[in-house]
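Participant: Sequence:
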Amino acid sequence: MTWVEHMEELRRRILKSLLAVGIGMVAAFFFMDPIMAFLTRSAGTLYFLKPAEAFMTYFKVLAVVGLLLASPVWFYQLWAFLLPALTQKEKKTLLAFVPFSVLLFVGGCVFAFEIVLPRGLAFFLEFTSPAVQPLLSLESYLDFMVMLVLPFGVLFNLPLALLFLALVGLIRSEQLRKARRFVIFGSFVAAGILTPTTDIVTQCLLAVPLILLYELSYGMIRFGLGR
Numbered sequence: 009m010t011w012v013e014h015m016e017e018l019r020r021r022i023l024k025s026l027l028a029v030g031i032g033m034v035a036a037f038f039f040m041d042p043i044m045a046f047l048t049r050s051a052g053t054l055y056f057l058k059p060a061e062a063f064m065t066y067f068k069v070l071a072v073v074g075l076l077l078a079s080p081v082w083f084y085q086l087w088a089f090l091l092p093a094l095t096q097k098e099k100k101t102l103l104a105f106v107p108f109s110v111l112l113f114v115g116g117c118v119f120a121f122e123i124v125l126p127r128g129l130a131f132f133l134e135f136t137s138p139a140v141q142p143l144l145s146l147e148s149y150l151d152f153m154v155m156l157v158l159p160f161g162v163l164f165n166l167p168l169a170l171l172f173l174a175l176v177g178l179i180r181s182e183q184l185r186k187a188r189r190f191v192i193f194g195s196f197v198a199a200g201i202l203t204p205t206t207d208i209v210t211q212c213l214l215a216v217p218l219i220l221l222y223e224l225s226y227g228m229i230r231f232g233l234g235r
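When you line the sequence shown up against my numbering, it's residues 9 to 235, in that order.
It cannot be assumed that every hint is accurate.
Unchecked claim - Derived CB-CB ranges, DEER-like:
1. Gly194 x Phe39: 35 to 43 Å
2. Phe39 x Pro138: 38 to 46 Å
3. Pro138 x Tyr55: 28 to 36 Å
4. Gln183 x Phe132: 37 to 45 Å
5. Lys99 x Thr48: 37 to 45 Å
6. Ala169 x Tyr84: 35 to 43 Å
7. Pro59 x Val162: 33 to 41 Å
8. Leu94 x Val162: 21 to 29 Å
9. Val216 x Ala130: 14 to 22 Å
10. Val154 x Tyr84: 22 to 30 Å
11. Thr95 x Gly194: 33 to 41 Å
12. Thr95 x Glu17: 17 to 25 Å
13. Phe39 x Ile123: 20 to 28 Å
14. Val162 x Phe46: 18 to 26 Å
What the hints assert, rightly or not - The list that follows gives simulated cross-link-like pairs (lysine to aspartate or glutamate, DMTMM-like), each with its CA atoms no further than 20 Å apart:
15. Lys68 x Glu13
16. Lys68 x Glu16
17. Lys58 x Glu182
18. Lys24 x Glu13
19. Lys58 x Asp151
20. Lys186 x Glu223
21. Lys68 x Asp41
No wet-lab data here; the hints were simulated from the structure. Ideal Cβ positions, reconstructed from N, Cα and C, are used throughout, including at glycine.
Generate the whole structure from the sequences, applying the supplied hints.
Facilitator: Structure follows, in structure tokens:
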């Protein structure tokens, strides 16, 4: 297949993926009320402070939900495009790792949404006085939620990343054991950077699971792989 044919195939697959996302957005439109109620349940009543804020925020939510609903389609299109260029070993590795990566990402996001988000929000809303009262806008709340939830999804993939590095021979369990103290320190530094809050409670809610995931990775590599 020539370079031009590759580009034409890529264009077709992108168009199919975009069409699927558009259909997903249309489907999600009819369920926007329960979707927004679910996403904002930790915040209570929200307000929009700019004329187009509610419209633009709803559109962003529709785009994300449409992307999620269409994920089987665009993931298949991506896989079908990459498949001819992969070796048999690479195909097996991807098939083994991708499902677990998705599960860990979703698990991290759910953990953040159900446990960390309500506590982080409650912490900030306690800083009130007779002269200062909270008035959350729809946009600011959803931005806060995204900036808090997504890092958990990414960082929950730590065991998988370390396991992959061990399988290809780049790290061993002894190296992980020696690096433990630096990981503990680095986890709190990462939590301070990645979380939009400055309180130690919210940062611990990110750092402690990260440390536990590191210990899980160490155990899997040492006792599971024997490396």
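Participant: State for each hint whether it applies.
Facilitator: Structure-based check of all given hints:
1. A C-beta distance of roughly 41 Å is found between Gly194 and Phe39, which places it inside the suggested range of 35 to 43 Å.
2. At about 40 Å, the beta-carbon gap between Phe39 and Pro138 stays in the expected band of 38 to 46 Å.
3. Here the CB-CB span from Pro138 to Tyr55 is close to 21 Å, at odds with the stated 28 to 36 Å.
4. At roughly 39 Å, the beta carbons of Gln183 and Phe132 sit within the given window of 37 to 45 Å.
5. The hinted range of 37 to 45 Å is satisfied by Lys99 and Thr48, whose Cβ atoms lie roughly 42 Å apart.
6. A C-beta distance of roughly 24 Å is found between Ala169 and Tyr84, which places it outside the suggested range of 35 to 43 Å.
7. Between Pro59 and Val162 the C-beta distance comes to about 34 Å, which sits within the given range of 33 to 41 Å.
8. Restraint check, Leu94 to Val162: a C-beta distance of roughly 24 Å satisfies the suggested window 21 to 29 Å.
9. A beta carbon spacing of about 18 Å between Val216 and Ala130 agrees with the range 14 to 22 Å that was offered as a hint.
10. Between Val154 and Tyr84 the C-beta distance comes to about 26 Å, which sits within the given range of 22 to 30 Å.
11. A hinted range of 33 to 41 Å holds for the C-beta pair Thr95 and Gly194, which are about 34 Å apart.
12. For the pair Thr95 and Glu17, the beta carbons lie near 20 Å from each other, so the given range of 17 to 25 Å is met.
13. The supplied range of 20 to 28 Å is met by Phe39 and Ile123, whose beta-carbon atoms lie about 25 Å from each other.
14. Under the hint 18 to 26 Å, the C-beta atoms of Val162 and Phe46, about 22 Å apart, fit the expected range.
15. Between Lys68 and Glu13, the direct Cα distance comes to roughly 34 Å. Violation of the 20 Å bound is thereby established for this hinted pair.
16. For the hint linking Lys68 to Glu16, the alpha-carbon distance of about 29 Å lies beyond 20 Å, and the restraint is violated.
17. Pair hint Lys58 plus Glu182 does not hold up; C-alpha atoms about 55 Å apart against a cutoff of 20 Å.
18. Of the supplied pair hints, the one linking Lys24 and Glu13 holds, its CA atoms being roughly 17 Å apart against a limit of 20 Å.
19. With a CA separation close to 15 Å, the supplied pair Lys58 and Asp151 stays within the 20 Å bound.
20. For the suggested pair Lys186 and Glu223, the alpha carbons sit about 12 Å apart, so the restraint of at most 20 Å is met.
21. Our distance criterion of 20 Å between C-alpha atoms is met by Lys68 and Asp41, whose separation comes to about 14 Å.
The structure does not agree with the numbered hints 3, 6, 15, 16, 17 stated previously, though it agrees with the rest.
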